[in-house]
Amino acid sequence: MSSGPGLESLVDQQISIITNDGRNIVGVLKGFDQATNIILDESHERVYSTKEGVQQLVLGLYIIRGDNISIVGELDEELDASLDLSELRAHPLKPIIH
Amino acid sequence: MLPLSLLKTAQGHPMLVELKNGETYNGHLVNCDTWMNIHLREVICTSKDGDRFWRMPECYIRGNTIKYLKVPDEVIDKVQEETTKSRSDRKPPGVGRGRGRGRDDGAGGRPSKGTGRGLDDGGSKGMGGGRGRGGANRGGNRSGGRGRG
Chain A
1 MSSGPGLESL VDQQISIITN DGRNIVGVLK GFDQATNIIL DESHERVYST KEGVQQLVLG
61 LYIIRGDNIS IVGELDEELD ASLDLSELRA HPLKPIIH
Chain B
1 MLPLSLLKTA QGHPMLVELK NGETYNGHLV NCDTWMNIHL REVICTSKDG DRFWRMPECY
61 IRGNTIKYLK VPDEVIDKVQ EETTKSRSDR KPPGVGRGRG RGRDDGAGGR PSKGTGRGLD
121 DGGSKGMGGG RGRGGANRGG NRSGGRGRG
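Line by line, the protein sequences give chains A and B.
Here the first sequence is numbered in UniProt numbering, starting from 1 and rising by one per residue.
Here the second sequence is numbered in UniProt numbering, starting from 1 and rising by one per residue.
No lab work stands behind these hints: they were computed from the structure.
Be aware that one or more of the hints could be misleading.
What the hints assert, rightly or not - A short list of chain A residues far from chain B (calculated; beta carbon distances all over 12 Å): (1) V11; (2) Q14; (3) I25; (4) D33; (5) S43; (6) R46; (7) E52; (8) Q55; (9) Q56; (10) L59; (11) G73; (12) D80; (13) S86; (14) E87; (15) K94.
Unchecked claim - Estimated spans, in silico, between C-beta atoms of each pair: (16) E74/A with R41/B: 26 to 32 Å; (17) R89/A with W35/B: 26 to 32 Å; (18) Q11/B with S86/A: 38 to 44 Å; (19) D80/A with P14/B: 38 to 44 Å; (20) E52/A with T34/B: 18 to 24 Å; (21) R41/B with P95/A: 40 to 46 Å.
Think of the CB as a built atom: it goes at the ideal place given N, C-alpha and C, for glycine as much as any other residue.
Turn these sequences into a full structure, and let the hints steer you where they fit.
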């Protein structure tokens with residue numbers, strides 16, 4: 001579990017990021033800074049659709065600029081492993097409107 | 001590890017940059033700074049819809065227009081060596097300097113005001129010098145004209 005404010009406790013753990021353009025990117029948090037720029041290793045994007053199961057696109061090593069990040073979440077790996085993504089249907093998120 | 005140290009380490013490596021407007025830029029990183037402004041070489045720009053391409057020898061991208069950067073996987077292994085080195089090197093002198101400066105500032109309230117005035121004077125002199133140069137150039141041109149005449 002995370003403890004205290006900040007992302008320090010999540011380093012080297014799987015996290016899930018929702019970006020301003022509505023994408024969901026999952027990967028291992030390797031680093032961050034005061035602007036919430038984030039290093040994600042072994043990252044992949046989860047593409048949600050109502051027609052078919054969740055698609056996972058391999059992205060690799062990413063630096064995501066803080067400006068573009070809406071939510072950073074800790075990923076419950078046990079729960080995540082129990083999900084059958086191929087059977088999961090969901091509407092894709094809409095981008096943020098400023 | 002800081003995102004900007006990873007970016008710095010990626011110098012010379014190929015990378016993909018997506019901008020907030022959806023355009024992507026593929027190229028080799030030449031240089032970057034603390035604002036994430038980046039200089040790329042051998043660039044291929046792709047339009048938002050992905051059906052138009054432009055090749056350019058180099059480009060410079062303002063940091064705040066970037067959405068994300070895709071960096072080769074092996075770069076992250078190179079950073080760790082550098083950060084551990086710099087940490088072990090920098091920590092001891094860093095602490096010493098910090099204390100030293102703090103005391104100096106506290107004791108030097110008057111001197112710091114003095115330097116402030118000094119800087120102002122220097123600035124005004126600098127401006128004066130700039131004007132003077134302009135005048136001298138004009139004078140030089142005029143005198144040249146006179147000389148010709």
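Legend entry - Index of numbered hints that the structure contradicts, given in increasing order: Those not satisfied are hints 1, 3, 4, 5, 10, 16, 17, 19, 20, 21.
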